[in-house]
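Undergrad: Take a look at the letters that make up each chain.
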Amino acid sequence: MSGTPLIQVKNLQLYFGAFHALKNVSLDFNAGELIGLVGDNGAGKTTLIRVLCGIHKPTSGEVWFNGERVEKFHPKLAIDQGIETIQQSVGLCDNLSIARNFYLGREPVRRIFGIPILDFKKMREMSTRVIREFGLRDNVSADDEVERLSGGERQSVKIGRAVEFKNRVVIMDEPTNHLSVREREHVNELAVALKEQGLLVIYITHDIFQVHKLADRIIIMENGEKIEDAATSAMTADALEEVIRQGGRKVEKREAV
Amino acid sequence: MQTPLQALVRSQSFGAVIGVVLMLAVFSIVDFSGWWRSQTLANVAHFSAILGLVAMGQALVIITKEIDLSVGSVYGLTGVAFITFEPQYGVGGAIILALLIAALVGAVQGLLVVKGKLPSMIVTLGGLFAARGLIYVWTGGSVNNFSQAARINPLTRLFGGELFGIEAAIFWMIGLCIALNIMLWGTRFGNRLLATGGAQDSAESRGVRSDHVKIATFTLCALLAGFAGIVTLADKPQTHVTLGDLMELEAIAAAVIGGCLLSGGRGSLVGAVLGAFIITSFRYELIALGAPSSWFITFVGVVLIVAVIFNQSLARRAGHSV
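Protein chains in written order, with my numbering: chain A, 787 to 1043; chain B, 51 to 372.
Some hints here could point you the wrong way.
To be verified - To be clear about the criterion: a stretch of chain B counts as covered by chain A if any three or more of its residues have a C-beta under 8 Å from a C-beta of chain A, and this derived list gives those stretches:
| no. | stretch |
| --- | --- |
| 1 | 181-190 |
| 2 | 229-238 |
| 3 | 257-268 |
Because the hints were derived from the structure by calculation, they are not lab data.
Backbone N, C-alpha and C define an ideal beta-carbon position, used for all residues, glycine too.
Extracted from the complex, chain A is given alone in its bound form (with noise of 0.2 Å):
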């Protein structure tokens, strides 16, 4: 990993309100790294990530992404550059089809005398092939509305959506919630065969133990600032957790190990 790197965060601030929600965050996130983004809830994880996918504007601060300083924050203008989020609570809308929600935003037209008009044989194909790929059941078809679908399968839509489509980050966060253990280590799976592929994966989540068995590097987060950022095979996971348990005391527990 030599270069600049894929994303580089310099100095963010964020505050809602009176409410300071990143402190003066700095990191640099490479292509081909899965990063694992630790931390209890409210520590910031995923403040820190609706900013790199384009939801929140930082109060200040810089983002850099591939060598050029990101000017505006919108999540289409994220997604054109190829930063694909699976968020916990959004990305599916219930009352459309998964063909429909699988390519909202990006929907393929052909012209129809002249008109754009969708062109649901291809959104339904593909769709339908990630389906099954993704092991939904025999009777989902991708003309089913996503409300049908259990918490797994929503999920499974939403990260074969982002495989699917060629992008250069993939930001994952909580994905294995609700998931049966099996759907768990397809999930995991998946984010090692990404990264393998080049691209830049964040995998967010509480479990440390979890994630250390996947990623190339830990990110701490705790009270919106970064505590901790080390290679895994720097530091076993006990040693992170105790980092997490300890707050902002990491460089005494740090010599402890």
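Once you've looked at the hints, dock chain B against the given chain A.
TA: The following block gives chain B in isolation, referenced to the frame of chain A:
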């Protein structure tokens, strides 16, 4: 894949289809000879088409999980503009200017809702009063008419005339219903409109500009209401200050009877037209049966509540979370 019958049963307009069938059955039993007359059907179809145009716009707005209370006033204002501008700008110029006014009202309301993060019920209630007030100020309460030349102008006939003995409004409504259905179900804009109403956060996370979608939808709704006003006045070119009074409530009722859920994301344009047909038919038939005309309003209320209960139970049966 679904069979056409399954698709119909699952569609939002199924309740309205049943409603129309029941209504026609009842009218046939109580007043067969009165109802199935060409004069009756022509009148009902004409007014259903005009209300249907307004109701389709309303349906689109409701699908985005907003509401537009201003359509009655916009209908009136556009109609008044059409008649008032004609001496100066000719029929064609008056139509374009009148529609521009409608689009402007819709766009401003949409902008206020989206950029001001204001409830559309309040913004469009303001629009209802403001546009109605403009009608009073503009006309001074007086009645305006078309000249004889304007009445026989080909454009006036195109919007208000007849073809094969059928009113132009009906052709316009059917044509626009087809075009709007293609737009809603077959285009990128339609997919994003449905997504915005179904789950705005999720739509935005996919890069959908829900603000643009809503502004466009409010503009389209106002344009349809305005167009309905032009079609009405091209047929009977005479303005009065109460033109379109309370029409917003009938349009909302039509859209809701037609299966639009106020929770957003689900609705039917065909259903909205059928809803308009049900409301118009009740008005006509109650008068024909000799009921005092004021009973009509009560009937609309009852039909509306029955329709909502029925549509909700249909939606739950189809497995939708409503």
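Undergrad: Now tell me if each hint is right for this structure.
TA: Here is how each hint holds up against the structure:
1. 181-190: violated (count 0)
2. 229-238: holds (count 4)
3. 257-268: Holds: 3 residues of the stretch 257-268 of chain B have a Cβ under 8 Å from chain A.
Hint check: a violation occurs at hint 1 only; the rest are consistent with the structure.
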